[in-house]
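Engineer: Chains V and Y are the protein sequences, given in the same order. With the first letter of the first sequence counted as 1, position 81 gets the number 81 in the working numbering; the numbers rise by one all the way through. With the first letter of the second sequence counted as 1, position 183 gets the number 290 in the working numbering; the numbers rise by one all the way through.
What the hints contain is simulated information worked out from the structure, not anything from laboratory work. Be aware that a few hints might be false.
[Unchecked claim] Not close to chain Y: a few residues of chain V, all C-beta gaps over 12 Å, as computed:
#	residue
1	A11
2	M28
3	G35
4	E36
5	R52
6	N54
7	E62
8	T84
9	S96
[To be verified] Chain Y is faced by these chain V residues, among others (derived, beta-carbon under 10 Å):
#	residue
10	L5
11	I24
12	S68
13	Y72
Just so you know, even glycine gets a beta-carbon here, dropped at the ideal spot from N, CA and C.
Here is what each chain is made of, one letter per residue.
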Amino acid sequence: MARTLINAPSAARRGEVIEIRATIGHPMETGFRAGEDGKVLPRNIIQTFSCRYNGELVFSAELFSAVSANPYIAFHTVATESGTLVLSWEGDNGFSQAESIQLAVTA
Amino acid sequence: MRRILALLLVCLMGTAGAQNPPPKDSRRSGFEDMGAATQAMQKDDALNPGMLWVQDGEALWKQPAGASGKACISCHAAAQSSMRGVAARYPAFDTGLGRPITLGQRINQCRLQHQQAALLRPESQELLGLEAYVALQSRGLPLAPSNDARLEPFRQRGQQLFAQRIGQLNLSCAQCHDGLPGKRLAGNVIPEAHPTGYPVYRLEWQAMGSLQRRMRGCMSGVRAEPFAYGAQELVELELYLKTRAKGMAMEAPGVRP
Numbered sequence: 001m002a003r004t005l006i007n008a009p010s011a012a013r014r015g016e017v018i019e020i021r022a023t024i025g026h027p028m029e030t031g032f033r034a035g036e037d038g039k040v041l042p043r044n045i046i047q048t049f050s051c052r053y054n055g056e057l058v059f060s061a062e063l064f065s066a067v068s069a070n071p072y073i074a075f076h077t078v079a080t081e082s083g084t085l086v087l088s089w090e091g092d093n094g095f096s097q098a099e100s101i102q103l104a105v106t107a
Numbered sequence: 108m109r110r111i112l113a114l115l116l117v118c119l120m121g122t123a124g125a126q127n128p129p130p131k132d133s134r135r136s137g138f139e140d141m142g143a144a145t146q147a148m149q150k151d152d153a154l155n156p157g158m159l160w161v162q163d164g165e166a167l168w169k170q171p172a173g174a175s176g177k178a179c180i181s182c183h184a185a186a187q188s189s190m191r192g193v194a195a196r197y198p199a200f201d202t203g204l205g206r207p208i209t210l211g212q213r214i215n216q217c218r219l220q221h222q223q224a225a226l227l228r229p230e231s232q233e234l235l236g237l238e239a240y241v242a243l244q245s246r247g248l249p250l251a252p253s254n255d256a257r258l259e260p261f262r263q264r265g266q267q268l269f270a271q272r273i274g275q276l277n278l279s280c281a282q283c284h285d286g287l288p289g290k291r292l293a294g295n296v297i298p299e300a301h302p303t304g305y306p307v308y309r310l311e312w313q314a315m316g317s318l319q320r321r322m323r324g325c326m327s328g329v330r331a332e333p334f335a336y337g338a339q340e341l342v343e344l345e346l347y348l349k350t351r352a353k354g355m356a357m358e359a360p361g362v363r364p
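If we strip away everything but chain V, and leave its shape as in the complex, we get (with noise of 0.2 Å):
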């Protein structure tokens, strides 16, 4: 299981915009690289990000060879009705990882 820093609120007003920032520990090998050996590390990177808020996508993202180690993606969506939101990271070798959020919106 990799490390995530979540940062999001737990409530928020039907219609407000709400902010949601998450870091995963991951090292996104880029399969550039060589390793001391001098032979080249094989790429494991994350491949996709997506949040989906009761079950609807509301935020995704792809991501590559270029992006830092421990990647940060931070994003906003609209507080709809109380509920889960889901995160989920997948990536090379079957890297897949996914941490709920519980949303509390009141009128």
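The hints should help you fit chain Y onto chain V, whose structure is shown.
Structural biologist: Okay, now just chain Y, sitting in the frame of chain V:
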């Protein structure tokens, strides 16, 4: 007439001196020379990648290790109170060994003696995590190196090493960090080398690293053979640098470009 003038001058100087506030600390942390984006990254715990290592450290603090089945928390209780100000005092003198040791070395010593656990490799995610977690408890406190008299010869050797020319470029630490701070080395501002934020998340490393890693980087930069991790010389240099930065605020886990 001349005597009266001289007296007047003395009086004027006296009043001017009394009105001046005490001299401000002119030392600069490397933080002040960073760009606004990197500063923001350090200041916001939700953004600071060093906090990933702090998470590791917090988990390890509570996790039993070794034959003793004890965790750090079993003896030390909550780090928030027991470890407050601890990182600000290191390197400290170890009576058993008869020499100063760093915070990382102390953690490993605790693992070996009290937990009967395997030593953590220098620069490993686990050791840096524990160091970062302990150092975080001193954030904002002034660096307060121990004034144990037994440390003095080691501190002096550290100072000597700081001024010692090394490597093919024949440069000492002092030539840049005492002589030319604020000027540039290629595109980078030369910092005053105050170790306030260690262990730091360095963007160039894309990872956390200790002060020893940083010093070794400088040594290979002047094309000298770097001292091995844990070498006495690196501990002495750290001791001197901490004394040089005495009173400056701790920033760990810092972020550096």
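Engineer: With reference to the structure, classify each hint as holding or not holding.
Structural biologist: Checked hints:
1. Once the 12 Å rule is applied to beta carbons, A11(V) is consistent with being away from chain Y; the minimum gap is 17 Å.
2. Against the 12 Å criterion, M28(V) falls within the reach of chain Y, whose nearest CB is about 8 Å from its own CB.
3. Here G35(V) stays apart from chain Y, with its beta-carbon at least about 15 Å from theirs, past the 12 Å limit.
4. The beta carbon of E36(V) sits about 15 Å from the closest Cβ of chain Y, which is more than 12 Å, so the claim that it is off the interface holds.
5. For R52(V), the shortest C-beta to C-beta distance to chain Y comes to about 21 Å, beyond the 12 Å cut-off, and the non-interface label holds.
6. In this structure N54(V) is separated from chain Y by more than 12 Å, as the shortest Cβ-Cβ distance comes to about 23 Å.
7. Annotated as non-interface, E62(V) keeps its C-beta farther than 12 Å from every C-beta of chain Y; the closest such distance is 20 Å.
8. Consistency note on T84(V): stated as away from chain Y, and its beta-carbon is indeed over 12 Å from all of that chain's, at 20 Å minimum.
9. With a least CB separation of 19 Å from chain Y, S96(V) remains clear of the 12 Å interface cut-off, as annotated.
10. A hinted interface residue such as L5(V) counts as satisfied when its beta carbon comes closer than 10 Å to some beta carbon of chain Y; here the least separation is about 6 Å, so the hint holds.
11. With a cut of 10 Å, the hint placing I24(V) at the interface with chain Y holds, because the nearest CB-to-CB distance is about 8 Å.
12. Because the beta carbon of S68(V) sits about 6 Å from the nearest beta carbon in chain Y, less than 10 Å, this interface hint is met.
13. Hint on Y72(V) holds. Least Cβ distance to chain Y is approximately 7 Å, under the 10 Å limit.
Against the hints set out earlier in the document, a violation occurs for number 2 only.
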